[in-house]
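Okay, here's what each chain looks like letter by letter:
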Amino acid sequence: MMGRARMLALFVIGLLVIPALGNAQSAAVRMAITRDEGYLNPYTYQTGYPGWNLMTLVYDPLFYPDENNEPIPWLVREVRVSQDGRTWTLTLHPNLRWHDGRPLTSEDVKFTFEYAARVTHSRWTPTTRNLDGVDAPSPQTVVFRLKQPDAGFRLRTLADVPILPKHIWESVTTVAAARAFTNTVGSGPYRVEEVRDNQFYRLVANPQYFAGPPRVRELILPIIRDATVSFTALQAGQIDTTVRTLTPELVAQFERLPGVKVVRGAGFTSTILQFNDEHPLLKDVRLRQAIANAINTNLMVRLLLLGYAVVGSPGYIHPASPFYAAGLKFDASKARAVALLNEAGYTDRNGDGIREAPNGTPLQFTLLTLAGNPIRIRGAELIRTWLKDVGIGTTVRVQEDAAIIDQVWPDFDVCKGRRFDMAVFGWSAPVMSRPTALVDLFNSDCRVGTINIGGYKNPEIDRLGSQLLTTVEIARQKQISAEMQRILARDLPVHVLFYPDTIMAYRSGAYDRWAFQKGQGIVTKLSFVDRPK
Amino acid sequence: MTRFVAGKGVQYALVLLFAVTLNFALPRMMPGSPLIFLAGEDVGFMTEQQRGQLLQAFGLDQPVWRQYVIYLRNLVTGNLGFSYQQGRPIASIIADRLPWTLVLVGTGLVVGTLVGVAWGTLAAWRRRSALDVGSVGVAMFFDSVPSFWLGMVFIAVFAAGLRWFPIFGATTPGAGLSGWPLLVDMARHLVLPLTTLTLITIPGMFLIMRYSMLTVLGEQYVATARSKGVGERDVMFRHAMRNALLPVATVFMLNVGFIVSGATVIETVFSYPGVGRLLFEAVLARDYPVLQATFFIITVSVIAANIFADLLYPLIDPRVRHV
Amino acid sequence: MSESRAIDTPLFPPARNLQPRRRRFRLGGVGWTGLTLMALLVGAAVLAPWIVPYDPGLTTGEPFESPSGRHWLGTNDVGQDLFSEMIVGARISLSIGFLASTVAISIGTLVGVVAGYFGSWVDAALMRVVDIVLVIPFLPLMILLAAYLGPSFWNLILVIGLLVWARPARVIRAQVLSLKSLDFVDAARALGAPPGRILRRHILPGVLSLSLAQFILAASSAILIEASLSFLGLGDPTAKSWGSILYYAQVRSAFLTGAWLWWVLPPGLLITAAVLGFAFTGFAAEEVLNPRLRR
Numbered sequence: 001m002m003g004r005a006r007m008l009a010l011f012v013i014g015l016l017v018i019p020a021l022g023n024a025q026s027a028a029v030r031m032a033i034t035r036d037e038g039y040l041n042p043y044t045y046q047t048g049y050p051g052w053n054l055m056t057l058v059y060d061p062l063f064y065p066d067e068n069n070e071p072i073p074w075l076v077r078e079v080r081v082s083q084d085g086r087t088w089t090l091t092l093h094p095n096l097r098w099h100d101g102r103p104l105t106s107e108d109v110k111f112t113f114e115y116a117a118r119v120t121h122s123r124w125t126p127t128t129r130n131l132d133g134v135d136a137p138s139p140q141t142v143v144f145r146l147k148q149p150d151a152g153f154r155l156r157t158l159a160d161v162p163i164l165p166k167h168i169w170e171s172v173t174t175v176a177a178a179r180a181f182t183n184t185v186g187s188g189p190y191r192v193e194e195v196r197d198n199q200f201y202r203l204v205a206n207p208q209y210f211a212g213p214p215r216v217r218e219l220i221l222p223i224i225r226d227a228t229v230s231f232t233a234l235q236a237g238q239i240d241t242t243v244r245t246l247t248p249e250l251v252a253q254f255e256r257l258p259g260v261k262v263v264r265g266a267g268f269t270s271t272i273l274q275f276n277d278e279h280p281l282l283k284d285v286r287l288r289q290a291i292a293n294a295i296n297t298n299l300m301v302r303l304l305l306l307g308y309a310v311v312g313s314p315g316y317i318h319p320a321s322p323f324y325a326a327g328l329k330f331d332a333s334k335a336r337a338v339a340l341l342n343e344a345g346y347t348d349r350n351g352d353g354i355r356e357a358p359n360g361t362p363l364q365f366t367l368l369t370l371a372g373n374p375i376r377i378r379g380a381e382l383i384r385t386w387l388k389d390v391g392i393g394t395t396v397r398v399q400e401d402a403a404i405i406d407q408v409w410p411d412f413d414v415c416k417g418r419r420f421d422m423a424v425f426g427w428s429a430p431v432m433s434r435p436t437a438l439v440d441l442f443n444s445d446c447r448v449g450t451i452n453i454g455g456y457k458n459p460e461i462d463r464l465g466s467q468l469l470t471t472v473e474i475a476r477q478k479q480i481s482a483e484m485q486r487i488l489a490r491d492l493p494v495h496v497l498f499y500p501d502t503i504m505a506y507r508s509g510a511y512d513r514w515a516f517q518k519g520q521g522i523v524t525k526l527s528f529v530d531r532p533k
Numbered sequence: 001m002t003r004f005v006a007g008k009g010v011q012y013a014l015v016l017l018f019a020v021t022l023n024f025a026l027p028r029m030m031p032g033s034p035l036i037f038l039a040g041e042d043v044g045f046m047t048e049q050q051r052g053q054l055l056q057a058f059g060l061d062q063p064v065w066r067q068y069v070i071y072l073r074n075l076v077t078g079n080l081g082f083s084y085q086q087g088r089p090i091a092s093i094i095a096d097r098l099p100w101t102l103v104l105v106g107t108g109l110v111v112g113t114l115v116g117v118a119w120g121t122l123a124a125w126r127r128r129s130a131l132d133v134g135s136v137g138v139a140m141f142f143d144s145v146p147s148f149w150l151g152m153v154f155i156a157v158f159a160a161g162l163r164w165f166p167i168f169g170a171t172t173p174g175a176g177l178s179g180w181p182l183l184v185d186m187a188r189h190l191v192l193p194l195t196t197l198t199l200i201t202i203p204g205m206f207l208i209m210r211y212s213m214l215t216v217l218g219e220q221y222v223a224t225a226r227s228k229g230v231g232e233r234d235v236m237f238r239h240a241m242r243n244a245l246l247p248v249a250t251v252f253m254l255n256v257g258f259i260v261s262g263a264t265v266i267e268t269v270f271s272y273p274g275v276g277r278l279l280f281e282a283v284l285a286r287d288y289p290v291l292q293a294t295f296f297i298i299t300v301s302v303i304a305a306n307i308f309a310d311l312l313y314p315l316i317d318p319r320v321r322h323v
Numbered sequence: 001m002s003e004s005r006a007i008d009t010p011l012f013p014p015a016r017n018l019q020p021r022r023r024r025f026r027l028g029g030v031g032w033t034g035l036t037l038m039a040l041l042v043g044a045a046v047l048a049p050w051i052v053p054y055d056p057g058l059t060t061g062e063p064f065e066s067p068s069g070r071h072w073l074g075t076n077d078v079g080q081d082l083f084s085e086m087i088v089g090a091r092i093s094l095s096i097g098f099l100a101s102t103v104a105i106s107i108g109t110l111v112g113v114v115a116g117y118f119g120s121w122v123d124a125a126l127m128r129v130v131d132i133v134l135v136i137p138f139l140p141l142m143i144l145l146a147a148y149l150g151p152s153f154w155n156l157i158l159v160i161g162l163l164v165w166a167r168p169a170r171v172i173r174a175q176v177l178s179l180k181s182l183d184f185v186d187a188a189r190a191l192g193a194p195p196g197r198i199l200r201r202h203i204l205p206g207v208l209s210l211s212l213a214q215f216i217l218a219a220s221s222a223i224l225i226e227a228s229l230s231f232l233g234l235g236d237p238t239a240k241s242w243g244s245i246l247y248y249a250q251v252r253s254a255f256l257t258g259a260w261l262w263w264v265l266p267p268g269l270l271i272t273a274a275v276l277g278f279a280f281t282g283f284a285a286e287e288v289l290n291p292r293l294r295r
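Residue numbers (the working numbering), protein chains in the order written: chain A, 1 to 533; chain B, 1 to 323; chain C, 1 to 295.
In case anyone wonders, no lab produced these hints; they're calculated from the structure. Values in this document were obtained by computation on a predicted structure and should not be read as measured data. Here a beta-carbon is modelled for each residue, glycine too, at the ideal position from N, C-alpha and C. Take these hints with a grain of salt, some might be off.
Cβ pair distances, simulated, as ranges [unchecked claim]:
1. V129/C with V230/B: 54 to 60 Å
2. L60/B with D132/A: 29 to 35 Å
3. R128/C with R188/B: 44 to 50 Å
4. F153/C with K329/A: 37 to 43 Å
5. S428/A with G69/C: 57 to 63 Å
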C-alpha cells in the first residue's frame, strides 16, 4: 500500500514537473559567431565581443554586468567595502563547484588575481596593478586590498576577471603555455563539449550550476565570418540567431519574417571622426568646430543606417548611458561652419576651391578609414563631399586594420605618437560602459589616457579625470563625468558621428527568453540563467 | 640527361629558397604590430613592459636573422610553427583544413578535366560545325565569368532562394551526424562550391584538349592512317586522342600543384573551411606563422607537381627524350 | 582554380594543319564579336559623363530603391543611381585593365626580348625569375602591397601588372628566339651589326605586333583580377569599378533583399562581356599578328 501511494505521489509530481521542465529548457540553440575563439578559456578567447561574453558562459567572474551594465554580485553573496574604499571583503556563495566536481574556494580567487598579475593578459593584468594583495582568510571569504580607491573596481576588475581553477592552472606558468592551454574546466553554466577549428563550438549545460540549471541545454556556435552569410543562414533557418547586429537594410524585412523576432535598442559602439589634435592645423579648435558643423550627422544616420542609430553626442557618452550629461547635443550648421572658417581667417586666396590658413597652408587633409567596413567608407565619402562644400579638401584613404593602427595608434601605445590627420574610427561598447571612459579617452598623460589616440591635452580634463578615477560614489562620478563632457563638447577633440543601434534577430521558436544587455546585445549569461539569489 | 636533371634540380631549389625567403620576409614587412593578435583588442591598456614580455614570449623580439635561422630550422624539421591566434600547432590547423580542400578542389579538377577532355574531343571531331563554334563560345563565356560572381548567383538562387542546398560550411555544425547521414550532409554542402569550381575548370581543359586534338589531326601519321582507310572514329580515339591527351596531362599535373591554394575565392564565397580560405583569413588576420606555413605548403606542392610532370612526361610520350 | 586561364591557349593550331581560308573566316567572326563588345564598352566608358542619367557620386534617391522609371536599376546603399554607377564603372574597370596590362606588357616585352636575344646566362637568369613569379601566390602579395600603400587605384594597377607580366615574357621570348634564327638576322649578326640596331630593325618589329595581342589578352585577365580583388575588399572601395559595385552589393545583403537581380547580375554580366570581348579580340589579333601562328 505504501508503495502504491508513493508511486502515485511520484506520478503526480511527475505530471507537475515534466511540462514545467519542458517549458524551462530548450533543447539546442544555434548562435552564429564571427570567428575562431581559441578554446574559449580565459587565455585563448580572441574578441572583446562576443569572445569575452561566450567565455563567461564557461567561467564566472565574481560580479557580472546586468542588463543595465551595472555590475551585480554573482559568485559572491555579500560585499563589504571599508570606509576608505581600499579594502573589499567578499563572501562567496556556498556550494560553488568546478565542472570536474571540485569546490571553488577563495583560494582559487586569490590564485586567479595573482596569476593575472604574473601571466600577462592584456585585459586583466592592468586591472591588477592597483591591487596591494588578495587574502583568503577562510574558504568562503576573500579580501582585496587596493593601493587607492578605484572607480572602476567593480566593473573593470571584479565583473571582468573570470575565476580560474587553481588545481588546473597552477602548472601553466608562462604566457605562451597559457595561450596554448586547451583545458576548459570552469565553473560557469556551460561546459565546452566540442571544439572544431573554424567550424563550430558545442557547449552543453552544466545541470549542477549553483544559480540553477541553464535554460538551454545545448549551445551550438557555428563560425560564420561573413555577415551576409550569417543573415542569409538566419533567414533560411539554418541558425537561430547571430551575435552580430542586424544590418539596417534587413531590419524591416526580418521584422516581417515569420518565426523571427527583432529586438532593438541603443548601441554603445561609437563611430567617430578622430582628429589628430597635435596636427599643426587641426589643433585649432575653431577649425575642428567648423569641420563638425559642416557634417550633417542627421542625414548620415538616415542614409547610412536608415535611421537605426543615434546621432553622436559631442561629449562622447551615449544619451542612453547613465553617465550622459543631460541635454548635451551638437547642432550642425553649414552656415556656422562657413562663418567660423571666415572668422578664423581660413579663406580661399588662390581661388582653387580650397581655403588656406593665414600662413598659406591649404586646408587639405587625409581621412583614413577602415577597409572592410563599408558603412565607415561611405561615411568618409560623405564627409569628403560636405567638407568640399565649405572649402576643405580631403582625400579618403581606405586601409586595412593593421595599417590604420600603425598610423593612428602605433603599437597600440599612444605614448608612441601618431601620424595622421583625421580618421573615421570607433570604439567598442565596453569602452562606453566604463565609468572611467573619459579618462581613458582624453587624459593627456599617455600612461593614463591609454586610448587618447588624438593626443588631446587639456589640464582641466586631466584634473577632473584624476578626481573621477578615485571616486567610488556613483552620483559624484556622474557629476564629474557630466562636467568633463561639457568641456569636451566645446573642445571637440573627436567628433562623434553616431552610435549604431544594437539590433538582434532570433528565431523565437528555438528560444525566446533572451536578455538584452543595454548597448551590447543578447550574448550575456543572463540570457541563459537567472541571476543568483 | 644527368645535366638536365641537375639543372632542373637547381632551378627548383632556387625557386624553393626564394619562395621560403619571400615567405619569411613578406609577413614581417607588413605594417602593424602582431600584438593585437597575441593579446586581443585591449592591448592598449598594457604597459610597455608587459608588451615586451609578450613579444619575448613569442620570439618576436629576436633580431630578424635569428628569426630567419629559427624559421629555416623549423621548416627542415617539419615543424610548421604555432598559431598565436588559434593557440595551436599549425600542422594540426592545416591538417584539419586540407581534407576539405582536397575533396573540393580535387573533385573539381578531376570532374572538370574529364568533362573538358570529352567535350574537347567531341568539338574537335565535329570541328567547324555549329556544335564546335557554340562550344567554344560557351567555354569562353565560362572562362570569362568571375568565379565569385557565379558562386554568389548560385547561393542566391539555389541556397537562399530555393533552399535546396546549405549556405555555408562543409557540414551542419553540431548536428552530431555520423555514417551515411554525415556523408549525405557533406555532399549537400559540396554541391554548390563544387559545381562552381567545375564550371570554371572545364573551359581551360576543353580549349586545350580541342586545340591539341586539332594539332594532332593535322599531323602526318594521322593523315597516313586516314589514307590507309582507317575509320574516322578509330582515327579519333585510337590514334589522335591518345597523343592529344599529353598537353592535357601536363596542365592537369601543374594544376594539381595549385590544389592547395586552389579555390581561395570560391572557398571564401561559400565559407568552405579549406586551405585557400585559411590563407585568406591568415593574411587578413596577420597570423604570421599560419601565413608562412600555408605559403610553404603551396610552394612545395607547386614544385612537387612540376617535378612530377617533368618525370612523367617522357614516360607517357615516347617521342620526348631529354638530352 | 589554377592561376592560368584558358585564354593562354590559342583557338587553332598553326595554319599548315588546316585549310587557311575557312579558318580566317571563323576567326573573323570571333574577332568581330570581340571588337563589337569592346567598342560598345569602351564607347560607354569614354562617353560616360554625357550618357549617365545622374552623377553616380551624388545621392539622388533614397538608399536601396528598387528599379523604377527614375532609377532604371534602382539605387545603391547610399541612394546613388546604379545604372549610372555601372556606366562609370566601365571607365574604372577598363582603365585598370588597360593600365595594368601596359605595365605587364612593358615588363614582359623587355624581359622577353632581352632574354631571347642575349640568351645564355641572361636568358637562364631571367627565365628563372619568370618561373619564380609564376609560383608566387599572388593574393597575399596583393594584400601586402595594398596594406603598405593603401588600396588605391594606382596600386591595384601596379600590383596586377607586376603579377601578369611573366606569361607574356615567355611568349615573347619564344618569338625572339625564332626571329633570331632567321637567316637575315643571323646574317646581320655575322656581319657585326650592333645589337641595338638588330633589335630595333629586325627583332622589335616582329615582337611589337605580338605584344599588342598579348596586351589585349593581359587586359582581359587584368579586368577579371581587378573584379575578384575588389570583391574580396582588396581593391579601392572608393573607386566605382564593377568589382567594387559587387563588393557593396555583397556586404549590403543584396542577396537577401532580392536586390541582387538588379544590383549583382548586371555588373557580373558586364565584367563577363568585357573579359570576353578582350579575349576574343586578343585571339583575333594574335591570329593576324603572330607570325608563328600565321606562318
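Comparing the hints with the structure gives:
no.	hint	result
1	V129/C with V230/B: 54 to 60 Å	violated, 47 Å
2	L60/B with D132/A: 29 to 35 Å	holds, 33 Å
3	R128/C with R188/B: 44 to 50 Å	holds, 46 Å
4	F153/C with K329/A: 37 to 43 Å	holds, 39 Å
5	S428/A with G69/C: 57 to 63 Å	violated, 44 Å
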